[in-house]
Amino acid sequence: MIDRRSFALGAAALGVAPLIPGVAQAQAIDMLKIFCPAAPGGGWDQTSRTIEQVLRATNLIKAAQVTNVPGAGGAVGLPQFLNNWKGQPNSIMVAGMVMVGSLLANKSPLRISQTIPVAGLTGEFEAIVVPAESRFKTLKDFADALKADPSKVPVAGGSAGGTDHILLGMIAKEVGVAPSKASYVAFAGGGPALAALLGNQVAAGISGYGEFSEQVKAGKLRLLAISADKRQAGIDAPTMKEAGINIELFNWRGVFAPPGVSAGDLNAMIDLMKKMTATKEWAEACAQRDWTQITTFGDDYKKFVDSENTRIEAILKDLGLA
Amino acid sequence: MDAFNQLMNGFAIALTPVNLMWCLVGTTLGTAIGVLPGLGPALTIALLLPITFKVDPTAAFILFAGIYYGAMYGGSTTSILLNTPGESASIVTSMEGNKMARNGRAGAALATAAIGSFVAGTLGTLGLTFLAPVVVEWALKFGPADYFSLMILAFVTVSAVLGSSAVRGLMALFFGIWLGLIGIDLQTGQARFTFGLTELLDGINVIVVAVGLFAVGETLYMASRAHTGQDEITPLKGSLMMTKTEWKRSIGPWLRGTLFGFPIGAMPAGGAEIPTFLSYYTEKKLTKYPEEFGTVGAIEGVAGPEAANNASAAGVLVPMLTLGLPTSATSAIMLSAFQSYGINPGPLLLTSQANLVWGLIASLFIGNVMLLVLNLPLIGLWVKMLRIPAPQLYAGILVFATIGTYGITQSPIDLLMLYLIGGVGYFMRRYDFPTAPVIIGMILGPLAEQNFRQAMTISAGDYTVFFTRPLSLTILILAALALTGPKLYALATRRA
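Chains as they are written, first to last, in the numbering used here: chain U, 1 to 322; chain Z, 1001 to 1496.
For the record, the hints were derived by calculation from the structure and aren't laboratory data.
You may find that some hints are simply not true.
Here are the simulated DSSO-like pairs of lysine-lysine, each with C-alpha atoms no more than 30 Å apart in a straight line [stated by the list, open to error]: (1) Lys147/U to Lys181/U; (2) Lys147/U to Lys230/U; (3) Lys147/U to Lys1141/Z; (4) Lys33/U to Lys1054/Z; (5) Lys1054/Z to Lys274/U; (6) Lys1141/Z to Lys137/U; (7) Lys140/U to Lys230/U; (8) Lys1141/Z to Lys181/U; (9) Lys217/U to Lys1141/Z; (10) Lys230/U to Lys274/U; (11) Lys303/U to Lys317/U; (12) Lys62/U to Lys275/U; (13) Lys1141/Z to Lys140/U; (14) Lys33/U to Lys303/U; (15) Lys1487/Z to Lys1248/Z; (16) Lys302/U to Lys230/U; (17) Lys1054/Z to Lys280/U; (18) Lys220/U to Lys137/U; (19) Lys220/U to Lys1141/Z; (20) Lys62/U to Lys1054/Z; (21) Lys152/U to Lys1141/Z; (22) Lys275/U to Lys1054/Z; (23) Lys173/U to Lys137/U; (24) Lys1288/Z to Lys1244/Z; (25) Lys230/U to Lys217/U.
To give an idea of the chain U side of the interface with chain Z (calculated C-beta under 10 Å), a few residues [to be verified]: (26) Gln46; (27) Ser102; (28) Lys152; (29) Ala156; (30) Ser159; (31) His165; (32) Tyr184; (33) Ala188; (34) Gly189; (35) Gly190; (36) Ala195; (37) Gly199; (38) Glu214; (39) Val216; (40) Lys217.
Every value quoted in this text rests on a predicted model; they were computed, and no experiment measured them.
Each residue gets a CB set at the ideal place from its N, CA and C atoms; glycine is no exception.
Construct the entire structure; sequences and hints are all you get.
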């Protein structure tokens, strides 16, 4: 289904725009429909709202409508997006690594690859921290204790099978401990996990760096390492690789088109995301929220999503969750 | 008195006409959404987040805090009048409150709820102002083992709502615990009791169950007995406001409710429901009018839990403002609003954003007064609602319950669930099973389970952890005393 507007957009994406006078002005999308398979306030919702704000502020779209269908790390929303949004132009779903893991852990028959990956946008690296009073000074101290007796090193994080648990599983495997032996204490979200750390109830904690940053600055928590690919400006901690554990992990987020959209619509969406990620408004929004920009499009993004699916499935199997 | 000077500075900020207007808008909006079942403060603030791009941070937070406090006030109104709790913290209020309303004391019930909310809200905010650093340090000492013991203590409160038959009451309790276990298990990520339905993966919303059991079940029961002409609602008996005795009977519960609500609200895993259970239990044990509980409705059973729930709202703000720690859905959303201003909420917030924080705290005092002024005159209007003839009133309750439930997630499955639970509620009512233990089981069961398993993981499977931690041991001893104390006392006095 190609209407005139999306044809014009598709043409623009293919570089035909300069040949058609006036298209540059006419190409703003009237209404972008964003499907957010999570409740208002969370990471995907913030990404959805940020996309909406940046696109509107830069006049790339006229209006946007965000639909929230929360539940089970996206496992409730995905079937709706696959069925009810099928073939609809100007529609995207915001999702990411958490959905990949949640579908596997819930033994859902659905996969994120049933949608069409449009663009990878952001990632948040994870941080591993210990209470200020902890005897662990470096990641190596922590790893040694884990190796000696994993049951003595309870680690707090978000729900089981999520990004935080996956990272602990990876660390355990890397130091030669069976991931399922690692002592993981799941809390309902970053707040309660943080409380357990500040109250010195657990040995260490894993979560997105942003959850811990202020406590680290205030000296209440010690940052052992981050799971980014390289050192980050303003963060005084090594990457896991630098600290001797060969792991890189981003809680990535991106956008997906519903199955059945035309090539023209898809290209128009990819083009819209390319334009958006090039704006300074987008860069500012990402910086404000501590999001690392991980920008990939179309086929490259699909390859990335597929490889993440394989990697996460393997570690969840090791953890005994998939 | 550094805090005092800061607070005065905060009043200077909050008392500007613009900020007063935001406070009024917030409290009014909050009252309205509190009245509606389903729409809670977290969702409302999330929907209002875009406002953060238009107004300055102080104004936005005054608005949000007004909504939060307002919702805590408003939640009691429908609980008392229609037996339809607007949010989970006012479920306990409906137990005695609705009985009072049916017996012509709706005005007094609403008044003790409103004034109790004011008293507790003000005392709680005073606690937030002067005790926050102390309270937060103490609250963080609670680990999963201590929370588990606290849940055990809370389970003792079930005995206050068991009704005439312990077997029936315990069956209702375990039904509630089972409902609470439905969904993905936090510790393993595996689905339990979902029967392959993706819609059940996130569990069943406790509000859906409460509204189903109380409002829908009750309506079906009333409809089934319509021809007998019993269970007439008395719209008003005696004065609209509280009598002198009712004032006397309310003051103690207000203060005790505050003492439960504020510290437990400040605990990272405390919440607003547990203090209301504890307060209800305490008031039922202490009252001089035990015969009114569960029959014509005892005012202590409204005053205490309502105060507890409002004091806990102030408590929740303690870890949020002193540590940047979100411990409830509402405070998590408020913290994400801080971020959209580029303010990083954390332990340094009080020093780096002193004007914002103290302006906010001052506006909480002002908002409390506004809520009282807003709510007291409305009581006369609310009570008139009970003059609506029963068929229309109950039809209205059904419509109200349905819209409210649909509003939570816009999911038709929730509606199906509402009427299924409503059917269960009808049978429970018909065969004399108490419904309150279902809700208590549903809230406490999963909390107790998760905290138990967290404690076990941390202690590497050592059960003695519940007896070796001083906090946990103390709470367990309290629970044992609460269970056996009254019997031992009776035994001792008989001998003497």
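Evaluated hints:
{"no.": "1", "hint": "Lys147/U to Lys181/U", "result": "10 Å, holds"}
{"no.": "2", "hint": "Lys147/U to Lys230/U", "result": "26 Å, holds"}
{"no.": "3", "hint": "Lys147/U to Lys1141/Z", "result": "28 Å, holds"}
{"no.": "4", "hint": "Lys33/U to Lys1054/Z", "result": "23 Å, holds"}
{"no.": "5", "hint": "Lys1054/Z to Lys274/U", "result": "28 Å, holds"}
{"no.": "6", "hint": "Lys1141/Z to Lys137/U", "result": "23 Å, holds"}
{"no.": "7", "hint": "Lys140/U to Lys230/U", "result": "18 Å, holds"}
{"no.": "8", "hint": "Lys1141/Z to Lys181/U", "result": "27 Å, holds"}
{"no.": "9", "hint": "Lys217/U to Lys1141/Z", "result": "22 Å, holds"}
{"no.": "10", "hint": "Lys230/U to Lys274/U", "result": "24 Å, holds"}
{"no.": "11", "hint": "Lys303/U to Lys317/U", "result": "21 Å, holds"}
{"no.": "12", "hint": "Lys62/U to Lys275/U", "result": "15 Å, holds"}
{"no.": "13", "hint": "Lys1141/Z to Lys140/U", "result": "28 Å, holds"}
{"no.": "14", "hint": "Lys33/U to Lys303/U", "result": "25 Å, holds"}
{"no.": "15", "hint": "Lys1487/Z to Lys1248/Z", "result": "28 Å, holds"}
{"no.": "16", "hint": "Lys302/U to Lys230/U", "result": "24 Å, holds"}
{"no.": "17", "hint": "Lys1054/Z to Lys280/U", "result": "20 Å, holds"}
{"no.": "18", "hint": "Lys220/U to Lys137/U", "result": "14 Å, holds"}
{"no.": "19", "hint": "Lys220/U to Lys1141/Z", "result": "15 Å, holds"}
{"no.": "20", "hint": "Lys62/U to Lys1054/Z", "result": "19 Å, holds"}
{"no.": "21", "hint": "Lys152/U to Lys1141/Z", "result": "20 Å, holds"}
{"no.": "22", "hint": "Lys275/U to Lys1054/Z", "result": "25 Å, holds"}
{"no.": "23", "hint": "Lys173/U to Lys137/U", "result": "21 Å, holds"}
{"no.": "24", "hint": "Lys1288/Z to Lys1244/Z", "result": "16 Å, holds"}
{"no.": "25", "hint": "Lys230/U to Lys217/U", "result": "20 Å, holds"}
{"no.": "26", "hint": "Gln46", "result": "7 Å, holds"}
{"no.": "27", "hint": "Ser102", "result": "8 Å, holds"}
{"no.": "28", "hint": "Lys152", "result": "6 Å, holds"}
{"no.": "29", "hint": "Ala156", "result": "9 Å, holds"}
{"no.": "30", "hint": "Ser159", "result": "5 Å, holds"}
{"no.": "31", "hint": "His165", "result": "8 Å, holds"}
{"no.": "32", "hint": "Tyr184", "result": "7 Å, holds"}
{"no.": "33", "hint": "Ala188", "result": "6 Å, holds"}
{"no.": "34", "hint": "Gly189", "result": "7 Å, holds"}
{"no.": "35", "hint": "Gly190", "result": "8 Å, holds"}
{"no.": "36", "hint": "Ala195", "result": "3 Å, holds"}
{"no.": "37", "hint": "Gly199", "result": "4 Å, holds"}
{"no.": "38", "hint": "Glu214", "result": "2 Å, holds"}
{"no.": "39", "hint": "Val216", "result": "9 Å, holds"}
{"no.": "40", "hint": "Lys217", "result": "7 Å, holds"}
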